[in-house]
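So the protein lines, in turn, are chains A and B. Letter by letter, the first sequence follows residues 1 to 112 in the numbering used here. Letter by letter, the second sequence follows residues 1001 to 1114 in the numbering used here.
Misleading hints may appear alongside valid ones.
[Claimed, not checked] Heads up, simulated SDA-like pairs for lysine to any residue below, C-alpha to C-alpha not over 25 Å straight-line:
#: 1; chain 1: A; residue 1: 56; chain 2: A; residue 2: 69
#: 2; chain 1: A; residue 1: 70; chain 2: B; residue 2: 1044
#: 3; chain 1: A; residue 1: 56; chain 2: B; residue 2: 1100
#: 4; chain 1: A; residue 1: 67; chain 2: A; residue 2: 77
#: 5; chain 1: A; residue 1: 67; chain 2: A; residue 2: 52
#: 6; chain 1: A; residue 1: 68; chain 2: B; residue 2: 1062
#: 7; chain 1: A; residue 1: 36; chain 2: B; residue 2: 1001
#: 8; chain 1: A; residue 1: 36; chain 2: B; residue 2: 1087
#: 9; chain 1: A; residue 1: 56; chain 2: B; residue 2: 1051
#: 10; chain 1: A; residue 1: 67; chain 2: B; residue 2: 1100
#: 11; chain 1: A; residue 1: 36; chain 2: B; residue 2: 1024
#: 12; chain 1: A; residue 1: 70; chain 2: B; residue 2: 1042
#: 13; chain 1: A; residue 1: 36; chain 2: B; residue 2: 1107
[Said to hold, decoys possible] Residues of chain A clear of chain B, computed beta-carbon distances all greater than 12 Å:
#: 14; residue: 15
#: 15; residue: 47
#: 16; residue: 54
#: 17; residue: 57
#: 18; residue: 60
#: 19; residue: 67
#: 20; residue: 68
#: 21; residue: 73
#: 22; residue: 83
#: 23; residue: 88
#: 24; residue: 93
#: 25; residue: 109
[What the hints assert, rightly or not] Label pairs and their calculated CB-CB ranges:
#: 26; chain 1: A; residue 1: 52; chain 2: B; residue 2: 1040; range: 45 to 55 Å
#: 27; chain 1: B; residue 1: 1085; chain 2: A; residue 2: 82; range: 30 to 40 Å
#: 28; chain 1: A; residue 1: 16; chain 2: B; residue 2: 1071; range: 42 to 52 Å
#: 29; chain 1: A; residue 1: 27; chain 2: B; residue 2: 1075; range: 35 to 45 Å
#: 30; chain 1: A; residue 1: 40; chain 2: B; residue 2: 1016; range: 39 to 49 Å
#: 31; chain 1: B; residue 1: 1028; chain 2: A; residue 2: 51; range: 46 to 56 Å
#: 32; chain 1: A; residue 1: 78; chain 2: B; residue 2: 1053; range: 45 to 55 Å
#: 33; chain 1: B; residue 1: 1114; chain 2: A; residue 2: 51; range: 39 to 49 Å
Derived by calculation from the structure, the hints in this document are not laboratory data. For every residue, glycine included, the Cβ atom is placed at its ideal position computed from N, Cα and C.
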Amino acid sequence: GEDVEQSLFLSVREGDSSVINCTYTDSSSTYLYWYKQEPGAGLQLLTYIFSNMDMKQDQRLTVLLNKKDKHLSLRIADTQTGDSAIYLCAETISGSARQLNFGSGTQLTVLP
Amino acid sequence: SAVISQKPSRDICQRGTSLTIQCQVDSQVTMMFWYRQQPGQSLTLIATANQGSEATYESGFVIDKFPISRPNLTFSTLTVSNMSPEDSSIYLCSVRQSGNQPQHFGDGTRLSIL
């Protein structure tokens, strides 16, 4: 299928905010997801947003959705060294199984 | 959310052999999926595991290479057959408890073929 696009790398200083961006492809996606993948581990679901929402906040995480531009972002406030990981954006694909189409992931590095 | 256990967590295998990966969930789930993550790449869906019937494979994946079983609503296996070095990847099991719930993933199986 078409590509969900993300920047490959992002570096921030500890305590700063991180913003990870994603451009998705399917305008009829019902849910959009952010997963975190640490070295040697599987995928951890961080948060998700329903397509009829523009914003969702969950503690240090804020998700913004721009349906017109098919743009999704994840903001991490007060970024900590433990936030260093790969962050993957995923869209649901239209169809009965609601399969996921993943981006390539953004490697977030938090510098002390 | 469901607790997903995958076995083995990692393995090193010889070319031409086969390996079966198990995925056990602590509660009944509607949907189970198998993904592959090749080195440095994102996840690609291999197939949807259907309870009591043949799995639904994505383009580029075939049953002879990746046979899948799902005997009940909490368990599935993926076999990687006749392995070659190109099969070296992380294989991940994923579940969705019902239609509108998000997908959760196991910790994956890191497979290396010599």
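Of the numbered hints stated previously, which ones are contradicted by the structure, given in increasing order? Hints 6, 9, 15, 23, 24, 26, 30, 31 contradicted; others consistent.
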